[in-house]
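Asks: Keeping their order, the protein sequence lines are chains X and U. Take 408 as the starting number for the first sequence in the numbering used here and just add one per residue. Take 408 as the starting number for the second sequence in the numbering used here and just add one per residue.
Simulated from the structure, these hints should not be mistaken for lab results. Be aware that one or more of the hints could be misleading.
Pulled a few chain X residues facing chain U out of the computed Cβ check, cut under 8 Å [stated by the list, open to error]: (1) D485; (2) S489; (3) H500; (4) R501; (5) Y508; (6) A528; (7) D551; (8) P553.
Heads up, the beta-carbon is just placed ideally off N, CA and C, and yes, glycines get one too.
Chain by chain, the residues run as shown.
Number of protein chains: 2
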Amino acid sequence: MYLPEHFHEVDPDRIAALIAENPLASVVAQTDSGLVANHIPLLAGKERELIGHVALANDMHRLMADGHEVLAIFQGADGYVSPNFYPSKANHHRHVPTWNYEVVHVHGQITFQHDLRAKRAAVGLLTSRQELRLNGDHGWRMADAPADYMETMLANIVAFRITIHRTIAKSKLSQNREAGDLRGAIDGLRATGNTPLSEQMAARATGSAKPDA
Amino acid sequence: MYLPEHFHEVDPDRIAALIAENPLASVVAQTDSGLVANHIPLLAGKERELIGHVALANDMHRLMADGHEVLAIFQGADGYVSPNFYPSKANHHRHVPTWNYEVVHVHGQITFQHDLRAKRAAVGLLTSRQELRLNGDHGWRMADAPADYMETMLANIVAFRITIHRTIAKSKLSQNREAGDLRGAIDGLRATGNTPLSEQMAARATGSAKPDA
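Could you build all of it, start to finish, from the sequences and the hints given here?
Replies: Here you go:
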């Protein structure tokens, strides 16, 4: 990834927050069938790893042997930034448009897990995290479903872990602009309906990490 | 990509709309430096091609020779769907969570273009499209900037085209659910703040393509 130093995100809290808030990763690999991508919600594990699961019918676990190199891409808010947003444009007109975004690239090696314990853990972790966020104390639990049904469901998936060997993150949020133009871009994006990107830029500008939503 | 038939998106208008509404692609390639991804707004050209540009400082055009295979991934709204959203859950509890999303995968071959005409066209097309959307008749134009400044800017980019040889699209929007549960998921997502996904699901359910925003 092209990564000018001023856009290089090195704050581990912001990197973890981007993954937690945008868990649907594009998991990409080069295989004998060419470049393959699957879209899978992933969780950061306790070690340097990502945890996920896919349907057993998904060819992923047949196209890739254990140890296969994968790239998991997590993406946050994004949007076009018009030169019209910059107050200084009126003075010198020396601006061009750009596109802001936040991404995290995780490079690692995938290992598939067919044992029930790993599968139950992968599903349980993802579910409890998302149910807590959406439904609080009234969240759905695996125990709500009949045991025979859950067994069938678990028999039809495969869990996996990605052992991380490199993480690269980019926060392209106009932080290289002078203060007035940055403020103008934040206001302009909000005024034109891109609240998610505007909020991320404002949080980055004040140095406050946006809490895990 | 794992693609059950009921999630296979074959409507060319919906595929074109997803790209137009979510132009920031993850452009992925296998290179001598391993898997590389860059995040680049792309436009569908008149032929079966995607048009983009990157900074000359971006190694992409040095890591890939003309004709290199790339995968451009476009992604729409996404989100976790709780079993609690389904009214039929109360009857039989035979539901598990899922993750909804819409993606388009474009496989093709990239060719870089260093000539001024191609670069001006790539920048001009993207800019006019985005400015029209954001600023209407008051949009920024390349002619707003001083000529010497624009020349320097254009000297610092490289344009490219991706000649498309395969497009695969997936709309995973609960369209495989019974009507009441689909409606419950749409309402549940809206009630818990995921309006973008809720709207895409509602549009898909009524068969209306969401207009290019």
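Asks: Hint by hint, note whether the structure agrees.
Replies: So, going through the hints one by one against the coordinates:
no., hint, result
1, D485, "holds, 5 Å"
2, S489, "holds, 5 Å"
3, H500, "holds, 5 Å"
4, R501, "holds, 5 Å"
5, Y508, "holds, 6 Å"
6, A528, "violated, 15 Å"
7, D551, "holds, 6 Å"
8, P553, "holds, 6 Å"
Consistency note: the structure conflicts with earlier hint 6 alone.
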